[in-house]
Amino acid sequence: MTQPFVQIDGVSMRYGGVEGTLALRGTSLDVAEGEFVAVVGPSGCGKSTLMRLVTGLWPPTEGTVIVDGTEVAGPLSIAGMAFQNPTLLPWRNILDNVMLPLEVVQPHRRQLRAQRGTYERHARSLLKLVGLEGFETKFPWQLSGGMQQRASLCRALVHDPRLLMLDEPFGALDVFTREDLWDVLQEVWIAKKPTVILVTHDLKEAVYLSDRVLIMSSRPGRIIAERAVPYPRPRRLDLTYQAEFQAIVHELRDRISEARQAEATQDAR
Amino acid sequence: MRASARSSEALVAAARRRRRLEAALPWLVIAAMFLAWEAMVRALDIQPFILPAPSLIAESMAKWWHPLLTNAWATLVTTVIGFLLAVAFGLLLGVVIGSSVLVYRGLYPLLIAFNSVPKVAVVPILVIWFGAGFWPAVLTAFLISFFPIVVNVATGIATVEPELRDVLRALGAKPRDIIMKVGLPRAMPYFFASLKVAITVAFVGSIISETVAANEGIGHLMLVASSRFDVPLVFAGLIVTGVMGVLMYWVAVTIEERTTGWATRGQNDPRLATGG
Numbered sequence: 001m002t003q004p005f006v007q008i009d010g011v012s013m014r015y016g017g018v019e020g021t022l023a024l025r026g027t028s029l030d031v032a033e034g035e036f037v038a039v040v041g042p043s044g045c046g047k048s049t050l051m052r053l054v055t056g057l058w059p060p061t062e063g064t065v066i067v068d069g070t071e072v073a074g075p076l077s078i079a080g081m082a083f084q085n086p087t088l089l090p091w092r093n094i095l096d097n098v099m100l101p102l103e104v105v106q107p108h109r110r111q112l113r114a115q116r117g118t119y120e121r122h123a124r125s126l127l128k129l130v131g132l133e134g135f136e137t138k139f140p141w142q143l144s145g146g147m148q149q150r151a152s153l154c155r156a157l158v159h160d161p162r163l164l165m166l167d168e169p170f171g172a173l174d175v176f177t178r179e180d181l182w183d184v185l186q187e188v189w190i191a192k193k194p195t196v197i198l199v200t201h202d203l204k205e206a207v208y209l210s211d212r213v214l215i216m217s218s219r220p221g222r223i224i225a226e227r228a229v230p231y232p233r234p235r236r237l238d239l240t241y242q243a244e245f246q247a248i249v250h251e252l253r254d255r256i257s258e259a260r261q262a263e264a265t266q267d268a269r
Numbered sequence: 270m271r272a273s274a275r276s277s278e279a280l281v282a283a284a285r286r287r288r289r290l291e292a293a294l295p296w297l298v299i300a301a302m303f304l305a306w307e308a309m310v311r312a313l314d315i316q317p318f319i320l321p322a323p324s325l326i327a328e329s330m331a332k333w334w335h336p337l338l339t340n341a342w343a344t345l346v347t348t349v350i351g352f353l354l355a356v357a358f359g360l361l362l363g364v365v366i367g368s369s370v371l372v373y374r375g376l377y378p379l380l381i382a383f384n385s386v387p388k389v390a391v392v393p394i395l396v397i398w399f400g401a402g403f404w405p406a407v408l409t410a411f412l413i414s415f416f417p418i419v420v421n422v423a424t425g426i427a428t429v430e431p432e433l434r435d436v437l438r439a440l441g442a443k444p445r446d447i448i449m450k451v452g453l454p455r456a457m458p459y460f461f462a463s464l465k466v467a468i469t470v471a472f473v474g475s476i477i478s479e480t481v482a483a484n485e486g487i488g489h490l491m492l493v494a495s496s497r498f499d500v501p502l503v504f505a506g507l508i509v510t511g512v513m514g515v516l517m518y519w520v521a522v523t524i525e526e527r528t529t530g531w532a533t534r535g536q537n538d539p540r541l542a543t544g545g
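These protein sequence lines are chains A and B, in that order. So in my numbering, the last spot in the first sequence is 269, and the numbers never skip. So in my numbering, the last spot in the second sequence is 545, and the numbers never skip.
If a hint is listed, it holds; no wrong ones were tucked in.
Distance ranges between label pairs, derived from CB positions:
#1 Ile-190/A <-> Arg-287/B: 51 to 59 Å
#2 Ser-125/A <-> Ile-381/B: 50 to 58 Å
#3 Trp-141/A <-> Asn-384/B: 30 to 38 Å
#4 Lys-465/B <-> Asp-30/A: 55 to 63 Å
#5 Gly-17/A <-> Glu-291/B: 52 to 60 Å
#6 Val-372/B <-> Gln-261/A: 46 to 54 Å
#7 Trp-141/A <-> Val-520/B: 25 to 33 Å
Some but not every residue of chain B turned toward chain A, in silico, with C-beta under 7 Å:
#8 Asp-435
#9 Arg-438
#10 Gly-441
#11 Pro-454
Keep in mind that the hints were calculated from the coordinates and are not lab data. Using N, Cα and C, we set each Cβ at its ideal position, and we do this for glycine too.
Isolated chain A (complex conformation) (with noise of 0.2 Å):
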């Protein structure tokens, strides 16, 4: 069997020294290369904080984060993210906005200058892949909540990622919105195939998009069960409506109610 892509073997992340709070006890997870995974679980569980480890951001208190074969020991430059909150820059266009990765990361820094015009049609084309075409030269505030967050995604893909963390991207936009933004979401996976990590809240939302759930127990948090997603792709939004599926989302749910309550006990005792 191959190596996982990446590999979180026993890690525990506690912050602010030996007194401090334990976010994470004990995690491991495997996830493959292409692979796109969910990660959902009660508010508070330290999935945040997972999504740090994996990009290196922060070093783990306890345990190891192989990525691609390599112990992570610092910023993860294969690595895209995007978060809840788009975090455009107001007095950038969207088009500058989708490159500002590129100013940042290797080797495409050295190569942005003179290579503008290459880089400009490979950022215009992802734009044109979650729909934004025509918007290049629009200001953040310009756009909508649901466009923004196309933008924030193109800029998580610009550098084109082997890796791609995505921190409830979805979670502050409008049900409608939300959904529109899965099929982007799933278009651009099956385009591009980087292995994605998504953190949710919604159970809808994992089941639609992924090939694996992962269930977190709350803080501190680790992976308590998993459950495979058997459908095809591209999947329909109808989909979501149907028995099976929603079987599946009871179960994950029940699963979640279950590690809360063994936690309300825990907490009791």
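Put chain B on the given structure of chain A with help from the hints.
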């Protein structure tokens, strides 16, 4: 159809009237203030050496226009030099404080202590060091005006969204990259807001110094005039100072609008549109 066309015309006309009123309003308020002042002085028969009427001040201005002008120029020069020093120093220190928690923690109490010292108490020391005249005025203007710039620039840089910082750091951005690409542009609206405060207090600084120890400048002129009980000339000096302050403020606002229009996000447009 016709009714709606007419009403939209009426809306446009109303918006235009409103804009004209907004432009004229400051002048109307100033004129009204001077008229009320004049009327009060005449009605209550207040002595000129207590409160001179605007007409008397205007007379004094006309009579002493040359010394007023040369001294105002001297004050303007010292103020602008002190202000520019404050901009350079404030920007630099603001970036350093805003980008390092350690420097912030270490330096901030000292800065606050420094800012709490009344600058008029510092002038005698500056006079001992540099002699009376130009440099104490420049340095007082500098000392009084750099603080708001430091605080604002530091705030702008320190409040970069953590997610954005993460995005860039994960891509391998050095702290310097983050400051150049995000921190500084982001701090610009704060910076310009502070310039508007700084330029006006810079005048306060240089005039304080001029009234304590100087041979020229509008502060010196007012001091000399008051020692001769020429109160109308003192008021003339105050008015000239006010005019200079407004002019410099206007320069700062114009630069701000040119450079950081994105920060107001076209909010002016809806205001004009709903003006009717």
